[in-house]
Amino acid sequence: MVADQRQHLLEPLRSALSLLVTPLHYLANLPDAVVRSVRDRFTPESSLRQDHASLQAENLALKGRLQRLESLEAENRRLHDLLGSSFRVGERVLIAELLSVDLDPYRHQVLINKGSASGVFIGQPVLDAKAVMGQVVRVGPTTATVLLISDAAHGLPVRVNRNGLRAVARGTGLINQLDLAYVPHDADLAEGDLLVTSGLGGRFPAGYPVARVNEVKRESGQPFARVTATPLAQLDSGHEALLVWTLPEEGRTPDLVEERGPEQLGDPASDQVIDQVKDQGTERRNGKEKETQREMVEGREGGRDQVKFKDQNKDKDRDQDKVKGQDKAKEQNKDQAKERAGEGARP
Amino acid sequence: MTATLRGWVFFLSLGLAFLLTLLPLPGWALELRPPWVALTLVFWLLAAPERVGVFWAWAMGLLLDVAIGTTLGQHALSLAVMAWVAVSLHRRLRLFPLFQQALAVWLLLLLERLVSLWVMGALGQPTPGLPYWWSPLTGLLVWPLFALLGREPRRGWPGL
Chain F
1 MVADQRQHLL EPLRSALSLL VTPLHYLANL PDAVVRSVRD RFTPESSLRQ
51 DHASLQAENL ALKGRLQRLE SLEAENRRLH DLLGSSFRVG ERVLIAELLS
101 VDLDPYRHQV LINKGSASGV FIGQPVLDAK AVMGQVVRVG PTTATVLLIS
151 DAAHGLPVRV NRNGLRAVAR GTGLINQLDL AYVPHDADLA EGDLLVTSGL
201 GGRFPAGYPV ARVNEVKRES GQPFARVTAT PLAQLDSGHE ALLVWTLPEE
251 GRTPDLVEER GPEQLGDPAS DQVIDQVKDQ GTERRNGKEK ETQREMVEGR
301 EGGRDQVKFK DQNKDKDRDQ DKVKGQDKAK EQNKDQAKER AGEGARP
Chain Z
1001 MTATLRGWVF FLSLGLAFLL TLLPLPGWAL ELRPPWVALT LVFWLLAAPE
1051 RVGVFWAWAM GLLLDVAIGT TLGQHALSLA VMAWVAVSLH RRLRLFPLFQ
1101 QALAVWLLLL LERLVSLWVM GALGQPTPGL PYWWSPLTGL LVWPLFALLG
1151 REPRRGWPGL
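As they're listed, the protein sequences go chains F and Z.
Per my numbering, the first sequence starts with residue 1, numbered consecutively.
Per my numbering, the second sequence starts with residue 1001, numbered consecutively.
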């Protein structure tokens, strides 16, 4: 047990045993899958048309936003060049489905239907349509286990989108709550602040939304302020997840649709779609806010925050190590190399 | 009943128990799920203690750890400890009337949970709240089903 917990020595044994267990997982997923496919089959044409229309509208809106985003990205890259800092853009995503299987009720984990056969690696970030969901902690041949950000053993380096203040968002074991650790009393944090990934841990790419600050309690007897936040991702009700590979710029493949493959295009996942449409308005608003604010943040980064950043970083690293081994950077690079090689072969 | 057929029934029942463990339940029922694998193991430990012993409990526990994503060895240890107690008491447990037997099984399941909790505590994982102890209770309610299921075939199938 110690070998598994501390050293991850038994991963090979676990993945060998998971060969035995995977059929069981898929079997347990079967009733839910059947119910869903039956429901899909009996969806009336009118609602499909409606879906189609709203999706097209959404697509158009998103494309419009993308145009602006591209020029902003180019500008951002130029500025980073001027500063002489390295900047990694380019991400590849793969859509995975969550298997409806109950795992240990005391950990926040979900099972997805993509594994090492699809190039999934340990420590890979997982998102949903709105925000960060978690990271991959175990990989089988065709399944992977994702540890959600709300798990009590998970820590995620974040920054406040409004002013760039850095913190660690720790899971609480409650599905709808995160805690910000080691936030001083005088930190500029308010209810409703958007927390985005800071990219400091080296696992999650920077800039993805994570949570919204729910409550800031400054009790004078306590050494730190008590800050709770609500995750923006649908941790308990989503049905699809995005696996993300961060690539160096040249290896970039922009389109998400290509990855999806023809066999999955038929799957409507109607609930998700409706949700997205509903939230489109709010997201668009957030997006605008984010863009303007990010510029501000980026401008400040080199300045006076530097000192604070250093000692906060220590805490962050310690926290992160709870979740992951020391192999992070190495492994990620290796897997990305593999991934790129696979990409070249693909038509 | 031949040994191979009995082997099949053994693996089939355990497969079913794993499936029931993994089947999605609504949120309120999650902690009420009976410990199917532990129950099935207790059943076989009492029905065929000369064949199913601590090793099988350990192996199934290991598989359960992989299946539900707990630390490798957590359930292996707890089920093995439970199996050891069950095997060493199986002569008495088999003679108990149903009600008393169910209570004894409840104690076995509690022991399993306790060892599991110790492991979680020792590893520094967050310790679950009171609902953690509900599943042995539902196990107690389900046990008569196992006992009756086992009793009928045992009359007809010599050697079980």
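Do not rely on the hints blindly, as some may be mistaken.
Said to hold, decoys possible - Just some of the chain F residues that point at chain Z, by a computed CB distance under 7 Å: (1) V35; (2) Y106; (3) A152.
In short, the hints are calculated from the structure, not lab data.
Even for Gly, the Cβ is constructed at its ideal location relative to N, Cα and C.
Outcome of the hint check:
no. : hint : verdict
1   : V35  : violated, 11 Å
2   : Y106 : holds, 5 Å
3   : A152 : holds, 4 Å
Consistency note: the structure conflicts with earlier hint 1 alone.
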